[in-house]
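With these hints in hand, go ahead and build the complete structure from the sequences.
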Amino acid sequence: MVEGLGGVGYIASRRIATALYMAVNLQKPILVEGSAGVGKTELALSTARLMAKPLIRMQCYEGLDESKALYEWKYGKQLLYTQILKDRMGAALADAPDMDAAMERLHGMGDLFFSEPFLEPRPLMQALRHDDGCVLLIDEIDKSDEAFEAFLLEVLSAYQVSVPELGVVIAKTPPLVFLTSNNVRDLGDALKRRCLHLHIPLPEAALEERIVATRVPGIEAALTGKLVAFVQSLRTLDLRKPPSISETVDWARALILLHAKDLEPTLVRDTLNVILKFEQDIAAVEPQIVELLQRR
Amino acid sequence: MQHTLEEFLRALRAADVRVSPAEAIDAARTVENVGYADRELFKDALCAVLAKSRDEVGRFDNTFETFFSRAAFDLEPPPPESEGDQNPSEAAGVAESELAQMLLRGDAASVAQAMEAAAERAGVAEIRLSTQRSRMTRRLLDEMGLAEIERIIANARKMPEGQGLAERLDRGRRALLDQAKAYVERQHELYAAGSGKALREEMLAKKALNADGGIDPVDLVMMQALVKRMAKRLADRYSRRRHTANRGHLDVRKTLRKSMAHGGVPFEIAWKVKKVDKPSIVAICDVSKSVAAAAQFLLTFLYSLNEVVDRLDAFAFSGRLIPVNAILDDNGVEGAILKVLQTIGFQQTDYGRALQDFAENHLDRVDRHTTVIFLGDGRSNFADPRLDLMHLIQQRARAVIWLNPEPESYWGQGDSVMHRYERFTHVAKSCNTLGQLERIIEDVLRTYVPH
Numbered sequence: 001m002v003e004g005l006g007g008v009g010y011i012a013s014r015r016i017a018t019a020l021y022m023a024v025n026l027q028k029p030i031l032v033e034g035s036a037g038v039g040k041t042e043l044a045l046s047t048a049r050l051m052a053k054p055l056i057r058m059q060c061y062e063g064l065d066e067s068k069a070l071y072e073w074k075y076g077k078q079l080l081y082t083q084i085l086k087d088r089m090g091a092a093l094a095d096a097p098d099m100d101a102a103m104e105r106l107h108g109m110g111d112l113f114f115s116e117p118f119l120e121p122r123p124l125m126q127a128l129r130h131d132d133g134c135v136l137l138i139d140e141i142d143k144s145d146e147a148f149e150a151f152l153l154e155v156l157s158a159y160q161v162s163v164p165e166l167g168v169v170i171a172k173t174p175p176l177v178f179l180t181s182n183n184v185r186d187l188g189d190a191l192k193r194r195c196l197h198l199h200i201p202l203p204e205a206a207l208e209e210r211i212v213a214t215r216v217p218g219i220e221a222a223l224t225g226k227l228v229a230f231v232q233s234l235r236t237l238d239l240r241k242p243p244s245i246s247e248t249v250d251w252a253r254a255l256i257l258l259h260a261k262d263l264e265p266t267l268v269r270d271t272l273n274v275i276l277k278f279e280q281d282i283a284a285v286e287p288q289i290v291e292l293l294q295r296r
Numbered sequence: 297m298q299h300t301l302e303e304f305l306r307a308l309r310a311a312d313v314r315v316s317p318a319e320a321i322d323a324a325r326t327v328e329n330v331g332y333a334d335r336e337l338f339k340d341a342l343c344a345v346l347a348k349s350r351d352e353v354g355r356f357d358n359t360f361e362t363f364f365s366r367a368a369f370d371l372e373p374p375p376p377e378s379e380g381d382q383n384p385s386e387a388a389g390v391a392e393s394e395l396a397q398m399l400l401r402g403d404a405a406s407v408a409q410a411m412e413a414a415a416e417r418a419g420v421a422e423i424r425l426s427t428q429r430s431r432m433t434r435r436l437l438d439e440m441g442l443a444e445i446e447r448i449i450a451n452a453r454k455m456p457e458g459q460g461l462a463e464r465l466d467r468g469r470r471a472l473l474d475q476a477k478a479y480v481e482r483q484h485e486l487y488a489a490g491s492g493k494a495l496r497e498e499m500l501a502k503k504a505l506n507a508d509g510g511i512d513p514v515d516l517v518m519m520q521a522l523v524k525r526m527a528k529r530l531a532d533r534y535s536r537r538r539h540t541a542n543r544g545h546l547d548v549r550k551t552l553r554k555s556m557a558h559g560g561v562p563f564e565i566a567w568k569v570k571k572v573d574k575p576s577i578v579a580i581c582d583v584s585k586s587v588a589a590a591a592q593f594l595l596t597f598l599y600s601l602n603e604v605v606d607r608l609d610a611f612a613f614s615g616r617l618i619p620v621n622a623i624l625d626d627n628g629v630e631g632a633i634l635k636v637l638q639t640i641g642f643q644q645t646d647y648g649r650a651l652q653d654f655a656e657n658h659l660d661r662v663d664r665h666t667t668v669i670f671l672g673d674g675r676s677n678f679a680d681p682r683l684d685l686m687h688l689i690q691q692r693a694r695a696v697i698w699l700n701p702e703p704e705s706y707w708g709q710g711d712s713v714m715h716r717y718e719r720f721t722h723v724a725k726s727c728n729t730l731g732q733l734e735r736i737i738e739d740v741l742r743t744y745v746p747h
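If you read the sequences in order, they're chains A and B. Just so we're aligned, residue 1 is where the first sequence starts under the numbering used here, counting upward by one. Just so we're aligned, residue 297 is where the second sequence starts under the numbering used here, counting upward by one.
Be aware that a few hints might be false.
Said to hold, decoys possible - Simulated pairs of lysine-lysine, DSS-like, Cα-Cα distance not exceeding 25 Å:
1) K86/A x K74/A
2) K68/A x K192/A
3) K524/B x K143/A
4) K339/B x K192/A
5) K74/A x K554/B
6) K524/B x K192/A
To be verified - Label-pair ranges, simulated between beta-carbon atoms:
7) H715/B x E279/A: 50 to 58 Å
8) H658/B x P54/A: 54 to 62 Å
9) D547/B x E279/A: 38 to 46 Å
Read the hints as simulated data drawn from the structure, not as lab findings. Using N, Cα and C, we set each Cβ at its ideal position, and we do this for glycine too.
Set out below in structure tokens:
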């Protein structure tokens, strides 16, 4: 599993690989937590690539409701259909002798109004209707409302949804579901219980070096070592937002662009804004750069 | 193995990792899937299934390590066989006791197994309190057959040629005692330590905060953690602006207006949307001498509230009133409390003066969306309570709530003007435990009805 993920450019720790393996085997959704930029979303993308299945992504936000997540009726089309129906109805019912016979015929015509052609599938529905299975990524679930979370429960535990007008839609092949969370709020126990839990911590130096080496191919090993050591020492400081993996990778890319061969204090100072995202953090780190560079 | 797994789940529950029956089933399926061969794999897989938050992962790791670690027994290897030894051991009845044989053979693995089995019979895992430890140890040893060993030792001592044997058995016995003690200790740590903490937290939430001597310094840290958790819980529920889903009720007026563009055909449908206000709170906290015991706690809560409610104006007073938002924002919780108390705390109370300060400088903070919370005992040292200002605040605010750390029977006694202030509040409640406080604050936040 680790190798497989490595093949598609994701360096996974053992715990990540185990959790993923369990998710596939137990057919349970997997809830990925961790601070921003440790590769939660990337894990889902890489898994989709590894399993060669399509990825359906749903970004959660406050106010997201089932009409945007699950399905919607194509209202405009329905409206046009009624207009046509109105015209045709007269012709179809013209030869009916009385009201009862007309009603009889009307019942026989079949209820097309709420049927598949008028259904506009949204991400969740799309994922359930994929015949060969797919990877469904529900991003930042903690940003959505509690009501939506409750609504997800049916989808996550039974891989089915009920559409009142049509009945229950059941997935032929259950999708592999990833939920990611930044811990903006605590998720409900019911949701947590239905998921496997995976917390991705900030990586250790060796792992991070491998990640940088994979993500930024042109970088020299010596520079990677220094860069990672510097970022690791930054994380020990008391910062508002300590740099995560994506920042390290961005920084490595920036250094490649600048043709840097070594970490000079001036260079670090100029590019500090790539890894630190708060003015206070930058101000706090700047005076210590030389010291941090020497410490290792 | 099924039994071991169940025991492990029980240990997890004791460590405050919530494991539901459904998760137990998952765990069993997991074990089927990954097997026991690879310890790390086993642990990671179980962790993914059972631990559901970052804290729980930490606790899971600890419990796993404690549960599945077995301290190796430290037994001396048997001495080389000599003919003389055979006699006394038979005479002393070693053959009757399996345990004695194990000890003499130095067979650590068997002894460990025997101890596990005995522990199960003795019900060591049922341990709940730290005071049960010595009794449990005794029971464990009894189950293992310590009495027999002692008898054998006594027998051997009587015989002149049995001294060596007695010595060796005695050493084995002492090692056994140590092991049993350690074993029970570990079981206690697994099953009981966590529940003890939970019990204490529960007690603390019910404890009166203005009790004699105030909050125990030992409890203070736990108290702060409790308050923080409580504030976070409240914030999770209430601090987000909520749109109730725009489904359900059709907004006929809007829909008709929009349909004009399509020749009266309602192509665009408008739904009624409700919005719920975020709470806006003005909190005024008394930190004078008379509430000294509760002040720290009130401030802790103020601090937590400040962290989670966006629109909170916090004030503190004893003689004069000052805004403390800046202090709360810039300092850690202990620092902030200390600083507030240093700046203004523990002086003579003067409610009239404080109200006047508030009315002169900060009255514009109070409008019809604001809830004003007073935290104080309403003891004004016989100074003018300035009821007119209180009335003014009541008229401007959406609600005025007074939380008094004293029980209701004390109100109006001595220099307390609580009953006179009470007329100008919507809710006045006695509140001197964490539990009460949480309930009241929840009520405050919930009354933000949609408009």
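Each hint tested on the structure:
1. For the hint linking K86/A to K74/A, the alpha-carbon distance of about 18 Å falls within 25 Å, and the restraint holds.
2. For the given pair, K68/A sits about 23 Å from K192/A by alpha-carbon distance, which is consistent with the 25 Å threshold.
3. For the hint linking K524/B to K143/A, the alpha-carbon distance of about 22 Å falls within 25 Å, and the restraint holds.
4. The suggested pairing of K339/B with K192/A holds, with an alpha-carbon distance near 19 Å, which does not exceed 25 Å.
5. A C-alpha spacing of about 18 Å is found between K74/A and K554/B, which places the hinted pair at or below 25 Å, so the restraint holds.
6. Between K524/B and K192/A, the direct Cα distance comes to roughly 22 Å. Compliance with the 25 Å bound is thereby established for this hinted pair.
7. Under the hint 50 to 58 Å, the C-beta atoms of H715/B and E279/A, about 52 Å apart, fit the expected range.
8. Roughly 58 Å separates the CB atoms of H658/B and P54/A, a value that falls within the hinted 54 to 62 Å.
9. Taken as a hint, the range 38 to 46 Å holds for the pair D547/B and E279/A, whose Cβ atoms sit roughly 44 Å apart.
Checked against the numbered hints listed earlier, the structure breaks none of them; every hint is satisfied.
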